[in-house]
Structures are given as structure tokens and as C-alpha cells.
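The listed protein sequences correspond, in order, to chains Y and L.
Just so you know, the first sequence maps onto residues 1 to 238 in my numbering.
Just so you know, the second sequence maps onto residues 1 to 442 in my numbering.
Keep in mind that a hint or two might mislead.
[To be verified] Non-contacting residues of chain Y with respect to chain L, defined by C-beta distances greater than 12 Å in every case (computed):
#1 H11
#2 N37
#3 Q175
#4 Q193
#5 H203
#6 D221
[Said to hold, decoys possible] Only pairs whose alpha carbons sit at most 20 Å apart, straight line, appear in this in silico SDA-like list of lysine to any residue:
#7 K298/L / D106/Y
#8 K53/Y / I313/L
#9 K298/L / K53/Y
#10 K298/L / D111/Y
#11 K53/Y / N321/L
#12 K172/Y / N226/L
#13 K298/L / E424/L
#14 K53/Y / E424/L
#15 K53/Y / F63/L
#16 K298/L / P107/Y
#17 K298/L / Y110/Y
#18 K298/L / T102/Y
#19 K298/L / N109/Y
#20 K298/L / A108/Y
#21 K178/Y / T322/L
[Claimed, not checked] One-sided and incomplete, this derived list gives chain Y residues near chain L with beta-carbon spacing under 8 Å:
#22 P83
#23 F89
#24 R91
#25 I95
#26 Q99
#27 Y110
#28 A112
#29 A115
#30 I168
#31 I170
#32 R171
#33 G185
If you are wondering where the hints come from, they were derived from the structure by calculation, not from laboratory data.
Since the model is a prediction, treat every value here as computed from it, not as a measurement.
Note that CB positions come from ideal geometry on N, CA and C, so glycine has one too.
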Amino acid sequence: MMLTMEGVHAHYGHIHALRGIDVEVQVGEIVTLIGANGAGKSTLMMSLFGNPKASAGRIVFDGEDITRVATHEIARRGIALVPEGRRIFPRMTVIENLQMGTAHADPANYDADLARMFAMFPILEQRQSQRAGTLSGGEQQMLAIGRALMGRPKLLLLDEPSLGLAPIYIRKIFQIVKELNRDHGMTILLVEQNANQALRVAHRGYVLQHGEITLAGTGADLLASPEVRAAYLEGGHA
Amino acid sequence: MSTVVFARHAMTPAERLRDAGWVAFVGLILGIPLVGLTTVDVGGRLAVGTRFGLLAAAVATVFAGRLLLHWALDQARNRKLARARASTATAADRAHGAQKAVMLLGWVALGASVALPIFYSDNRYVVDTATTVLIYVMLGWGLNVVVGLAGLLDLGYVAFYAVGAYSYALLSTQLGWSFWEALPVSGALAAGFGILLGYPILRLRGDYLAIVTLGFGEIIRVILVNWTEFSGGPNGISSIPRPSFFGLEFARSAPEGGQTFAGFFGLDFSPMHRLIFLYYLILVLALLTHAFVSRLRKLPVGRAWEALREDEIACRAMGMNTTNIKLSAFAIGAMLGGFAGVFFAARQGFISPESFTFTESAIILAIVVLGGMGSQMGVVLAATLLVLIPEFGRNFAEYRMLLFGAAMVLIMVWKPGGLLSHREPTVRLNPLGKPAAAKEAA
Numbered sequence: 001m002m003l004t005m006e007g008v009h010a011h012y013g014h015i016h017a018l019r020g021i022d023v024e025v026q027v028g029e030i031v032t033l034i035g036a037n038g039a040g041k042s043t044l045m046m047s048l049f050g051n052p053k054a055s056a057g058r059i060v061f062d063g064e065d066i067t068r069v070a071t072h073e074i075a076r077r078g079i080a081l082v083p084e085g086r087r088i089f090p091r092m093t094v095i096e097n098l099q100m101g102t103a104h105a106d107p108a109n110y111d112a113d114l115a116r117m118f119a120m121f122p123i124l125e126q127r128q129s130q131r132a133g134t135l136s137g138g139e140q141q142m143l144a145i146g147r148a149l150m151g152r153p154k155l156l157l158l159d160e161p162s163l164g165l166a167p168i169y170i171r172k173i174f175q176i177v178k179e180l181n182r183d184h185g186m187t188i189l190l191v192e193q194n195a196n197q198a199l200r201v202a203h204r205g206y207v208l209q210h211g212e213i214t215l216a217g218t219g220a221d222l223l224a225s226p227e228v229r230a231a232y233l234e235g236g237h238a
Numbered sequence: 001m002s003t004v005v006f007a008r009h010a011m012t013p014a015e016r017l018r019d020a021g022w023v024a025f026v027g028l029i030l031g032i033p034l035v036g037l038t039t040v041d042v043g044g045r046l047a048v049g050t051r052f053g054l055l056a057a058a059v060a061t062v063f064a065g066r067l068l069l070h071w072a073l074d075q076a077r078n079r080k081l082a083r084a085r086a087s088t089a090t091a092a093d094r095a096h097g098a099q100k101a102v103m104l105l106g107w108v109a110l111g112a113s114v115a116l117p118i119f120y121s122d123n124r125y126v127v128d129t130a131t132t133v134l135i136y137v138m139l140g141w142g143l144n145v146v147v148g149l150a151g152l153l154d155l156g157y158v159a160f161y162a163v164g165a166y167s168y169a170l171l172s173t174q175l176g177w178s179f180w181e182a183l184p185v186s187g188a189l190a191a192g193f194g195i196l197l198g199y200p201i202l203r204l205r206g207d208y209l210a211i212v213t214l215g216f217g218e219i220i221r222v223i224l225v226n227w228t229e230f231s232g233g234p235n236g237i238s239s240i241p242r243p244s245f246f247g248l249e250f251a252r253s254a255p256e257g258g259q260t261f262a263g264f265f266g267l268d269f270s271p272m273h274r275l276i277f278l279y280y281l282i283l284v285l286a287l288l289t290h291a292f293v294s295r296l297r298k299l300p301v302g303r304a305w306e307a308l309r310e311d312e313i314a315c316r317a318m319g320m321n322t323t324n325i326k327l328s329a330f331a332i333g334a335m336l337g338g339f340a341g342v343f344f345a346a347r348q349g350f351i352s353p354e355s356f357t358f359t360e361s362a363i364i365l366a367i368v369v370l371g372g373m374g375s376q377m378g379v380v381l382a383a384t385l386l387v388l389i390p391e392f393g394r395n396f397a398e399y400r401m402l403l404f405g406a407a408m409v410l411i412m413v414w415k416p417g418g419l420l421s422h423r424e425p426t427v428r429l430n431p432l433g434k435p436a437a438a439k440e441a442a
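Chain Y on its own, in the form it takes in the complex (with noise of 0.2 Å):
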């Protein structure tokens, strides 16, 4: 088992954000978190980070007690975030930004990781010298996603990679989300409103909603489900 959480409960201030999550990833699998705005799976994700702390429960992940780990520690046992929104260091050129994925990793993998980036993502090898924020969105999503791997970790958290994404970046966005798992043995834990795409993706898949999981199974059940079609498919995305 890569993941497991057990009755995590967050609260954000006097807001109570989580109310006893059960969520289980396990070592090469695609889980993805479906749900809609406020429901709590971008604090799900952070709470996993020790930010905010869990407020009861346990994180457990390659089996050590994550909870009270602090987030920096947690990235360097193997968790790397690809935060909502993408949070490139703009200023920075594209080839520091890659650098900072490294701050924890072993110096000796530089070099063969860098190549192995610019290989999977040869848009960042043309724009190395260049500052990341005059990237375009889906470049600057892929440079965020290519800087989390630069750390190799054992699990890769994709907070909504697809949002605010022009079409044809998002169609190559899932796709590079299902190469890195099936070429590369990546386990992935994915948050998306996009439910369809996601789903597509996804191995397994839960549904949140106030801070609880209402729903799970494989992706395949969920995208059947009717409940899920009538909340998350028929209504906004087409």
C-alpha cells in the first residue's frame, strides 16, 4: 500500500473541511478525486501535506505515520505536489524551476533527470532560458509537473492540472497522466473536476462532497454510476 488515510478529519480556522476521509492508494495505480467546488479535495490534498495538519486520523504513506510529519519532510520522503494553479517560480528561468524539484534529491541524478524531462516535455528544452512566466498556461503545467518529478517521487499529487487549460493542452495533460503510469510505474493520486477525463484515466476513483466521500470504485463503475453522471457529467461538462 503506497497511501492510506484513515478518518483524517482538517479543519481550516473554524471551518470543519474534512470529516473522516478514507482513501486507499496503492503502489502503480491512478486514483482520482472527483467533486465540486468547495468540497474539500484541494484541502485533502494539502492536509496529506501537513498543511493543515490532520486534526484526527492517520496518514500513512510507504508505511510511516505521516500525520504530524512537517511538509517539508513529507516531500522528502517521496510525496511531490503539483499545486492547483501550477505555482512555477515565474521569474526563475524554466531550467531553475526544474532545479528547485531537486532541492532534496541526490545531486548525482541531475543531469540523467533533466534529460529524461526534456525528452518526456521537449517544449521546456526549447524554452530553458527563459523566464517560466512567459510560458503559456499548458507549458507552464507541464513545467510544474516536470519539476515535481525532478525529485523522483514515489507518488504524484496533480492538483487540478487541466484548470484553466486551452483543449488541446488538457487532452495532452491526461495523456501524459496515463504515460507516466503505464511507462513509468508512477502511482498517481489526482484531484480534477474535468470527472469525465478523470475518470477515463483512473484505475479507482472517489467522489467528495462536504468533506466526505460519498462514492467509490473503479473508474469505470463511477462513470456509469448515475449519480455521478447526473452531478458531474450532464450538467457542466459536455
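Once you've looked at the hints, dock chain L against the given chain Y.
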């Protein structure tokens, strides 16, 4: 389109000569009563005298000036046109050009600052002012670490300057420490105060951070004013020993068992020796600061500062310990400020809390912001401007500060990102040119 317009305005040489001739003629007519005729005192009576020689010179000047003016205007127009045509040059080329220009500027500035005391060896005012510029350059480079690189707005930077200055003043007057012994200790003390300030404000950002640092600066000053037994209160500390040149004093007569600088080198005693020595001392300290900060910027800690400035959450998600990054920025910035303070105390020989008011913090911050956040060379330019403008402005007496303010406003209007806002990347994988080629291939 624009070429046609310019063609209509551009003049042939004959036209220019004719134009200048007409202007000179008008000048002549006006000049006869104004310059050509003058009153002279002839035995107590006024008589009209002539100064046709002077008039001829004036008319010739007008003629030449008019020619020159038109020539300069045409040149400026042509250059504008050329620039408009060249705007197809890539951003990378321009950045490369800017970087080369800054490098060149840096070497010229370095050469000028090394040579300055040689040319002004008997001009106390110039050497003194240049020393002041260098103190501000050093302070600017120190604050640049905190504000420019790490992006932590510090309005109380003068506190560390004060800690450095008072550490040296007390260590030397009370315990008899020499300049070189006190320098590292004072720097370490200032760094300690930096960490002391850093801890409580780790979670603060932006405006709130600014308020707390502002308060910290004031706390230090108020303590210095009120703790009379410790710091001498508002009277300050006087007769602080001056640094010596490897044990050689800069004095007219040698102390017991010692030797003077002038005596050792067989020179006639001159008070300028010490001033020039102090100038070179701060120059060396400033250059060491520069080398130190530039090196740090390329190391992981320096890159972490810059990443922190850009996005703190992302930093933590990358596994960076933001607590350590912030504290190291505060400590190193404070240490550099402390070094500058030690030098300040040694140079003045007298310090009091008056030298460490909020205005000083504001000026240092202005140097960093006007120079372009994070730009080392920008700090040099801005420090030079900010020290020299009030100096040149002395002729304007009470309008001096008005001039100063106007200059700052103008800089910000003209260059909102600071004088040098170009950021030099810390790594470059491929030699220049390859990225551009790759772009074309895409």
C-alpha cells in the same frame, strides 16, 4: 510611412547652413544692443563702448550651435528609426546585450573606484563622499539579500547597521579590541539579531512583515537612546579607535612603542592618508560582500531564497525548509549590515542613535528598489545617485530634498522595475544561440 515624414524633416547641408545663417543674423541684431554696445566709465562719466569682438564670437557660437543642434536632432531621429527596424531582434539577444552592458559597466565602475583616490588624493570632500557611497553600496547589497532575493520586506534594516556599529564601539572602547578582531564578532552579533528578528516573524508576509521589521528597527534605536549606562544614550559613544594599517597608526606622532604609517613608509604626515585608507578598506569590504553574495546566489541556498520570493507554498511542496531559508536570509543580510556598521563606527569615530533612524532604513530600501530588486549592479547605481543627488543639491539649500524626491519619482516613472531590472539566470545549460536555433526549428 514614417520614413516619408522623416524625409520631409531631414535637411540637406545647404538648408542647414541657410537655417543657421538666419539664426545667426537674428542673433546679431539682438546682440548689437545686448552684447555689442556697453557702457564704460570714462573719467567718472558714462560713455558708450563697443565689444564687437565678443559679439562676433557670440554670433559664431549661435551659428555653430544651431548647426550642431540640427545635426544632433537628425542623429537622434535616425537612431530611433534604426531601433524601430531592429525591434525584430529576439528577446534573448536583447537580454544578452543588456547583460554584456551591465558587465562592462561593472568593470568601468570598479576601475573608476580603484583609481578615484589617485586623482583626488588631496580632495577630502571627494574621497569622503565616495566612502559614503560605498557604505551605502554595501548596505544595499546586504539588504538586497533579504528584500531583493528572498522577497522579505524589511523596513528596519538599520537596526543591524546599529548593532554592528555599537558592537565595535563598545568592544573597542571598553575592551580595547582592534578593528579586525571586532569585525567578525560584530558581524556574528548582527547575524544573531537577524535570527532573533527572523524567528517571531516566520509566518508573516507582506505588509505585516514590514510593520514588525519597522518596529524592530525602532526598538533597537529606542534602547540605544534610553539605556544610558550601556550605550551612552543620546550622547552616543565618542573617541572610537580608528583602524590601523597592519598595526601602523595614522597619526602625526607615533604611539609608544609603535610606528606611524607615514613614518614607516617615509612619507610626510597627511590626514588624507587615513581617509584614503578608509576608502580602500570599504572598497575591499564591499567587493568581498559582492563576491560573497554573487556566489551564494548560485548555490542552492541562494536559489532557494529566490524561489521563496516567487512562491512560498511551492517551495514547501518541493521539500524546502522555508524556516531555514528565511532565517538564513535574515542572518546573512544582517551580518553584512553589521559589517557596514563596524566600518561606519570606525570611520566616524563617534556614533549616536541619531545615525540610525528610520530615514536610513528608508534610504537603503530605496537603493534596493530603485536599483532593481535583486540586481547587484543596480544597487551600485542607485546608491551613487542617492548619495550624490543630495550632495549636488546643496546649492539648492532647502529645495534639496524636493530635488531628491523628484529624482526618485522620475526614476520610478521612467523605470518602474528599477534602474536594472534584468535578472541574470544562475544556470545556463547550452551556450547562447542554441535555444534561438531550436526556436526557429519548432
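Now for the hints, and whether the structure bears them out:
| no. | hint | verdict |
| --- | --- | --- |
| 1 | H11 | holds (17 Å) |
| 2 | N37 | holds (20 Å) |
| 3 | Q175 | holds (19 Å) |
| 4 | Q193 | holds (20 Å) |
| 5 | H203 | holds (24 Å) |
| 6 | D221 | holds (32 Å) |
| 7 | K298/L / D106/Y | holds (18 Å) |
| 8 | K53/Y / I313/L | holds (15 Å) |
| 9 | K298/L / K53/Y | violated (34 Å) |
| 10 | K298/L / D111/Y | holds (17 Å) |
| 11 | K53/Y / N321/L | holds (16 Å) |
| 12 | K172/Y / N226/L | violated (66 Å) |
| 13 | K298/L / E424/L | holds (11 Å) |
| 14 | K53/Y / E424/L | violated (38 Å) |
| 15 | K53/Y / F63/L | violated (81 Å) |
| 16 | K298/L / P107/Y | holds (15 Å) |
| 17 | K298/L / Y110/Y | holds (16 Å) |
| 18 | K298/L / T102/Y | holds (15 Å) |
| 19 | K298/L / N109/Y | holds (19 Å) |
| 20 | K298/L / A108/Y | holds (18 Å) |
| 21 | K178/Y / T322/L | violated (33 Å) |
| 22 | P83 | holds (6 Å) |
| 23 | F89 | holds (4 Å) |
| 24 | R91 | holds (6 Å) |
| 25 | I95 | holds (6 Å) |
| 26 | Q99 | holds (7 Å) |
| 27 | Y110 | violated (11 Å) |
| 28 | A112 | violated (14 Å) |
| 29 | A115 | violated (10 Å) |
| 30 | I168 | violated (16 Å) |
| 31 | I170 | violated (21 Å) |
| 32 | R171 | violated (20 Å) |
| 33 | G185 | violated (21 Å) |
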